[in-house]
Amino acid sequence: MNQRIDAALARILPRVQKPARYVGGEYNQTVKELSGVDTRMAFCFPDTYEIGMSNLGLRILYGIVNRMEGVWCERVFTPWGDMEDEMRAAGLPLFALESHDPVGDFDLIAFSVGYEMSYTNILTMLDLAGIPLRAADRKGLHHIVFAGGACTYNPEPLADFMDFFSLGEGEESTVEIVNCYRSAKRRGLSKEEFLWELGKIPGVYVPSHYVHSYKPDGTLEAITPLAGAPEKVTKRIVQDLDKAWYPTEPIVPMTEIVHDRMNLEVMRGCIRGCRFCQAGYTYRPVRPRKPETLYEQAVHALEFSGDSEITLSSLSTSDYKYLEPLTDRLTEYCAARNINMSVPSLRADNFSRDLMLKLQKVRKSGLTFAPEAGTQRLRDAINKNVTEEDILKTCEIAFAGGWNNVKLYFMLGLPTETDEDVIGIGDLVYKIYNTWKAHAANKKRGVRIHVATAFFVPKPFTGFQWERQITPEEYLRRCRLLKEHMNNKSVEYNYHEAKLSELEAVLARGDRRLGAVIEAAWRRGAKLDGWMEYFDYDKWIAALDECGIDRHFYTTRGFGSDEILPWDSIDPGVSKRFLLRERERAYRSEITPDCRHGCAGCGANRLLECGVCDP
Amino acid sequence: MSRLLFAKEGAAIWSSHLDLMRALMRSFRRAGIDLKHSQGFTPHPELSILMPLSVGVESQCEIAEFTLAEGCVLPPEEIVSRLNPVLPAGIRALDCWEGGRKAGKLAWLRARLTLAYEESEARDPGSGDGGADSPTPPRSAQNDRLEALRELFARPSLTVEKHSKKGPVETDIAPMIRELTVSAAAGDAVVIEAVVAAQNPTLNPLLLVTAIETRLPEYKPAQVRCRRLELYDEDMQVFR
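Residue numbers (the working numbering), protein chains in the order written: chain B, 58 to 672; chain H, 851 to 1090.
Pulled out of the complex, with its shape left as it was, chain H reads as follows (with noise of 0.2 Å):
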């Protein structure tokens, strides 16, 4: 088994979980690295995505886990490089390598939500187009929001309404962040950065921008932006 770490951005992040398993599958192909097939009836390439990212999600920490056929042996270094050139446009292969952690031992992730209220617009601070590092002038609106926010996600308790396949269930999702910094960015947008639960169960980090529609309603956002930053096990180490 190697892992593969890459990045879903642009484009490609409109794509769904099984559009992406579909584009990985070509990719592979089409750079000649031969997977490894599961027997029977219909032969399925072995490679999985360890955690689905939601349609709309931007991501620098995606990992695939895959086989490669008997017979095709590839230093891991050239399997990103064969990779790249094949992959369609937003996805990058990041690093490749064989083994890996246990996937049970993945426990947190870091996510970045960029809130765009009016006019203005979500720009990503870590792209480089613009963001945290512009000096916003202090504006009272702003700094009643940074701190209704911030008092937001400091309660003890916050139940919000989930959609699951059996309907509508209320879960607390208080416990799953660990951490939690709320920042002004340019243009009068907010950059809310995150360490949620990964697993057992997840917290889909845009379920924090659902706590704001519904306790503070008068702070839902224009447009939301978000994006996976990093993962890790249970002790706060890089997950690879």
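Chain B with its partners taken away, still in its complex shape (with noise of 0.2 Å):
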């Protein structure tokens, strides 16, 4: 351990909120002797340990970077205001919750970038380290930058600060970039030269290769590659998914994390299709795990560490093939040893409410329903299919069974919305209430609806990329419209804040131009964005001033379906073509049938070495 941070940190802790998130010492993590180590990873997660222990990307690539021999990863998260206040006063580095060595002496720095709004947390946690923030002022191969994650797919917003990207899935990919990166150190090679054979991995993409240019609109002119490098980076996939390493000897946090339960993936991939989902076509194709796996996997992990709670996760459980037999043979194991399982994402139908049934035997959870919009209209624009029908024949047997609380998930803002459909959003709560009313089992507790509505951000790679988001003005007033329209004591309300979507919305779908917009924003305190205790609008909206960016030429303006688009380098699997198409169908709405019900031709097939998705 460290000791001149140790000193300072037994000074410091007493004064802050969740000490024990800046510690570690969990049980299980991994600890080296540096005498063995010649190359050091710090796997920096840019939002607080609470939200970075919960992620499962994080536990994969922390393992299997650990298995290499001679490489030692440890975990470093985002301090609280709190905290980086004291470190800060104290002249403390950021440090690894491992070793509690200052990240300054690491090689390699990788971030996992899943939050749109995590970005200024990358640029507090190099600062705090006493790394150059922009990858052009770090020379050599002492401090090599790179980042992963959902975001990443468009990388363009944070390539002012990233040496290179690891895109897609990193159980191989990140292997071959550490090695690749010991090579490079042993045989001497600058930094150029060792991202060009960094390109050379497929899924790597080194923004420093390409060219942006703009025409006077402001729209991007060409993205031209340097010669020697690929039109376009593909992003990486697990080919057999039963195969690929998995966490099942977890560490276990010593403070409560937002998921403190074992999380089991069931597959990846979804076949759905939802228009507005990002992950739902970036995750492609879809694989699902065999139940043997998972059932081992299961109760390795259970028994390791300790958990009395499991979670089956994936983008759409429901939508697991062989969910009937593995959730009989877990329910077996966890009745008869307390353990508690839950199976979220799961869809109305007929089988998701057996199994409702079924878990309830074990704890009786909420209900949850993501129907994203009030009208059959527009759930097939969005191609969210799931029924009015099917959400009221679920809280129709659930109401009976006892339960009283039900959550419903809506956006606002969604392509061709009108009025009308705002207001569909209050009649299928009405008529939520009236099952309720109709079939509740014990009237006399009442039932508690919960309503959230999100503010619809277009993503990139997904069928609405090209989209216009509408204004907060004009978001704020359809909430104030469906709540007219909600006016039953039983309904609660909460809706996004919308200034915090629209930002989000421009750094989603934003080019190379808005590196300094970042840090214009971090300079001048923006941290932390996507908490409210510190999100600061203001702020934002004076770095954009700053640095002449029109927020609205990434947000209401759309983007024309010919122009080039910032993550044209990117192929995520799914085609242009594809998501054009489904553009189309979502004005004519028109439903795109699941992968299951006949191949809609998305492209992702072509990841597979076998050709055949879902197998």
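It is worth saying that the hints were derived from the structure and are not from the lab.
Do not rely on the hints blindly, as some may be mistaken.
Partial selection, computed: residues in chain H whose CB lies under 7 Å from chain B [what the hints assert, rightly or not]:
| no. | residue |
| --- | --- |
| 1 | W864 |
| 2 | H887 |
| 3 | Q1073 |
Calculated cross-link-like contacts (lysine-lysine; reagent style DSSO-like; alpha-carbon spacing at most 27 Å) [what the hints assert, rightly or not]:
| no. | chain 1 | residue 1 | chain 2 | residue 2 |
| --- | --- | --- | --- | --- |
| 4 | H | K952 | B | K75 |
| 5 | B | K75 | H | K955 |
| 6 | B | K75 | H | K1016 |
| 7 | B | K75 | H | K1012 |
Where is the CB? At the ideal position from N, CA and C, for every residue including glycine.
With the hints as a guide, dock the two chains, each given alone in a separate frame, to form the complex.
This is the structure in structure tokens:
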């Protein structure tokens, strides 16, 4: 343990909130003898410990890198504001949780980025580590900074800060990247030489190898790869999930994290194709794990960690092919040991209703639906294939079975949305309330219907990647309209912060010019933007002004279908042609059947060696 | 019902009482020791901790109470030997026994406060990293400080503002202190060892520091280290 840092920590920790998140030492963290380590990697998650430790990608890559001999991967999270202040006052640099050594001593600084509003946290962390923010200011192989994760499918807003990006699933590519780095260090390569070597690894995107030029109207004129750089970089995937390493011996946090339970990933990808959903497109192709593999992983991880809760996770777990055999075996195992099993993202269909009742034997969790839109027309337009009938039927069974708590998630500002669609949400909620009145097992306890609306943010690599975002004012008008149509005291309505979603839209579809804006906002004190305690819209508006960037260019303008998009150098599997087709179908409120009812030809199957999805 | 005596030190001191409960429950599962669960809709394991410990405080005398599940028969020594390899860093199982004194018989707690001043470090004298045994050159500033602190804790009444759920409350802590010594330690540090009320009401030893901060602000320490040493009954017999 680093003694200088520990002495400073002993003074600081009594004064900060939740100090346990800054000390490490959890059960089964990886500690290596430095004499046997030639390469040190700091796995940085640009959010708090509680969020970061709940991230499956971190758990997987931490394990995979630490399985490599001679390489030690440690964890680093963003300190909360009180801790950041204390660290700066004490001159304490950002340190890694395992060794407490300064991050500035590490070779590879990796960021896992899953949320646009965490971009400033990356700068906070680099700055606290004493590492130059911009890639161009970092010379040599000493600090190589890179990023991966869901946000990096549009890497451009972070291009100034990152030496390279690792696109898609990192199980294999991260090992290749680390080995490429070790070889470069041994051979004494320059940073430039190393980046060219690295660029040969599939899935690695080196932004400095691409020149972006703009037209007078601000749209992209061209993206020109330097000689030797590929036109497009295709994301990496794991071919066989049953053979992929999985963290069945996880770190067990000493303080409560957001997802404080064993996470069993049953499949990757989603068969549904909701047109607004970036994960639904970018996690394709659909690949399930075998139920035998999953059962073994679950039992091993539960016994190893001592967790008393397990969740079957994926983008749409009720679409997991072998859900029934898996849950049959697992409920038996769990019930005998007082372990609670939860299956999130269940759809409102017949099988899910049976499963819901089965799970209730262990513990009754809340009932949650995400219809996303209030009318069937709009649900068809966004390809959210859930019907009012399904929702009401499921509610009926649940209310009769004693549930009295429903959560409903919607989006406002979806393409083609009219006031009729907004009012439609109120109508659906009213029907759910009437269903409760007609079928409740016990009316004395009342019913709580929680309605939440999010502000639609168009994301890259979705059927809606070209769409306009409505203004925050218009969003709030629609929120008020909805509220007027839901005056029932059993209904609780919450809506997302409009300004936050507006900036999220700017960053999500941002180009390279946004790097300066992110830095300017951060210099003005923007940090932990995803947290309402810290989010400060004015700092961002001032930063946009300072850089001469008009936010509406990225939000209300909409992108032309023939426009060069900032993320055009990236190939996530699904083709642009397919996404355009999905957009056209949305305008006609025409659904696209899920992958199992006929292949829609998205193109993601090209990534599979066998060429067949969902085996 | 059985009891487990354990220590909480190192990185583990920064986790809260609830965090510790979760960590112990998981550790029992990892050790393959089945606990009895409560009946009802959300069954909870029967495990509790006698005296919740504040965040940042070390202890070598924590007691947890638990009930083994029916059919889970294990000698107490085996519970200790099974737990230790799977406990998180800083938590050590020290002893285990069946039964035990009624919790209501717990009366006194011995604690040690190590106060560090200026740039000196609060090293715990008991942990073998220097401390009380090392000779400290007599310095007048240190002597003044010791004298002032001894005088403070010799007062017949010593009211301190305590933060309760209903806001600040004035409490006289003097009657809740049974014994107290102030001594010098290495590097200009001061060690206060005290026997204070463990319950009805409890005196959090850190309130002794609050008393210094409010009554003798010039002797406010730069850093405090607090460690629970032992639990006693009304007759100062070790409580188990």
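Hint by hint, which ones does the structure fall short of?
Going through the list in order, the structure violates hints 4 and 5 and respects the others.
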